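2 protein chains.
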Amino acid sequence: MSPLPAGSTIGILGGGQLGRMLASAAAQLGFDVNIFCPGDSPPAARVAAGHWDADYDDHTALEDFAANCDVITYEFENIPVASVAHLVSCSATVRPGAKSLEVSQDRLAEKQFLNAIGIETGRFEPVESVGQLETALQALGGEGLLKTRRDGYDGKGQVRVRSGDDLDAAYKEIGGVPAILEALVPFEREISVVIARGADGETTAFDPSHNEHENGILKRSTAPCGLSQDVIARARRLAETLAHETGHVGVLALELFVLKDGTLRANEMAPRVHNSGHWTPEACATGQFEQHIRAVAGWPLGPVTRHFDAEMENLLGEEALAPPTAYPEGTVLTLYGKRDAKPGRKMGHTVRRTGAA
Amino acid sequence: MSPLPAGSTIGILGGGQLGRMLASAAAQLGFDVNIFCPGDSPPAARVAAGHWDADYDDHTALEDFAANCDVITYEFENIPVASVAHLVSCSATVRPGAKSLEVSQDRLAEKQFLNAIGIETGRFEPVESVGQLETALQALGGEGLLKTRRDGYDGKGQVRVRSGDDLDAAYKEIGGVPAILEALVPFEREISVVIARGADGETTAFDPSHNEHENGILKRSTAPCGLSQDVIARARRLAETLAHETGHVGVLALELFVLKDGTLRANEMAPRVHNSGHWTPEACATGQFEQHIRAVAGWPLGPVTRHFDAEMENLLGEEALAPPTAYPEGTVLTLYGKRDAKPGRKMGHTVRRTGAA
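If you're matching them up, the sequences are chains A and B in order. Those letters in the first sequence? Residues 5 to 361, per this note's numbering, in order. Those letters in the second sequence? Residues 5 to 361, per this note's numbering, in order.
Be aware that a few hints might be false.
Note that the list lumps identical chains together, so a pair holds whenever it fits in one copy or between two copies.
Calculated pairs, DMTMM-like style, for lysine to aspartate or glutamate (alpha carbon to alpha carbon, straight line, at most 25 Å) [as the list claims (entries may be wrong)]:
hint	residue 1	residue 2
1	K176	E272
2	K342	D74
3	K342	E81
4	K346	D74
No wet-lab data here; the hints were simulated from the structure. Remember, it's a predicted structure, so these values are computed and weren't measured experimentally.
Given these sequences and hints, build the entire structure.
This is how it looks when you write it as structure tokens:
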């Protein structure tokens, strides 16, 4: 595909904050944006030219959407793979392709895939019954994180278990669905690499950020991440491997645990723009949202030079209801236009310049 | 008015590129945006939650618009003053107020107002007939720019005249409407000050930019402007005077001629975000579009610290049809989503970092 001319229409599956920020970045480059997302007025639809309010498995609506878009992308990884396949069967161009989407929807498949392409993870065992959970616990040293294979996010669908716990209750707590038991990784720091791969196979990775979580939800990402150039170079190479091996076109994120000796273990991947890259639009020559749009439009990727040190903080729940006078001068504020500030819900974020680059 | 909470709706009269960039800035702060603009799919409407496609003097549509907005602003100065008055009569909050709008719609009233508040302009004479044009030419030394009092922009509605020219033809060329003859000002450089005044009366002015025109249309704005701190300080003070004397709430621009000895003469004002401030979102801690939204929402203004030296270039007509590979690496590209690349039409702009601040 030759570069999509400005004035073309980019379709986005999903209507949350990532779609909203992608839509704004696309508009800046002169594109029109259509949003496909069930619901009356999702955040992204309010900054887009068109909105298809339909379920992701509504094939008639998907066909109509495809007929009104020049290229289609997605903003979250729980879009049914069958929907993407249906779009492709209607001759739609969908970027990234199905591979990274498919892999990242299933924690077990994801970890197996990562290992197969040489990216080490923590140890893990599949769990489909209480009996299997018991065996898995023994195999992993009597302790682990039990997670649903599908649909978990922000600490949902997971529980910590030890030998001697009520395993029936634990398995019930995550819904008794196919699961994975992950060994606890004794990490010193969590980082992520947000990388873009263009349609021509070129990649550009932003500086890795140091990520801090609270209650299973990302709270803060800081760049630079405070690690040695050697660790950073290895982290980037892992992300490059992942981008190439999936044939991904667009932005993806690889979360990594850093052990005391600098060893890296993949935690998880996301086949999309990522919360830990929200500092990039302010701090870098090209932000992650523009970069993703450039990639899916077949444009050359932009430079990812970091102009300054930055700290991104998520605004969760009612934190986002603070009056505009509450933020220190120089804080760049982004709010997502969500109507309901439920506890723990990602409502916005701030970016602060913390020093010269 | 206390600060407008995020989630409120900001109405914008006008749907061009300035409205589009204002709408995106408002969305980043968590606001919804409605656009009032005649036409099927103006650039700003494609990045907004709602669009009222009606004429500016359609009072019923204005009333409905007012009922669906928490505060209303405008993106161009040729909105009828009566429309703004009607909105105010429906209890709508319109920012900026009517004063700066009214003054800036009429070149004669504008220059008289500027002079009255101590801001010097070039000499000028009113012209309402060919006879008056002849007298005016004599008074101004036999040469001048004949401009319509209303509705001119980007070099339209103006013609250069000298004694001895066919004055009948010249006056006919601008439509035979009420006009003004402006003396030619022997300037060395044109600059502009883009300034914001908050609801609390606080002002923040961006660094003045050096502006270069081609065929009466702005081509390039550069910051810093290359003038002495003394000239810059005087330019800022003039813009502050204008903002305070009009009681303006929001961003306004004052274009100034700089003479050889550093004397400043106002050329014109614009009661809105301005083309010569298009470098500010990339180069400054707060850009002019966010600043305007902050002001009209009653939020504290952001800092206008300039992070680097910048050059903004307009993309006129078919210049905007260049392939995405045509721009040097590191160029930040903004395209306006206009359908038709007519010659001289402002289609987009680029911002380049030219050095450390």
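A quick look at each hint next to the structure:
Proximity of K176 and E272 under a CA criterion of 25 Å is satisfied intra-copy only: 24 Å inside one chain copy versus 71 Å between copies. Taking identical chains as interchangeable, the C-alpha atoms of K342 and D74 lie at most 25 Å apart only when they sit on different chains, with a minimum of 17 Å there against 28 Å within one chain. In this assembly of identical chains, K342 and E81 lie within 25 Å of each other by CA distance solely inside one copy; the values are 20 Å within and 33 Å between copies. With identical chains, the CA atoms of K346 and D74 are at most 25 Å apart between copies only, with a shortest distance of 24 Å across copies and 36 Å within one.
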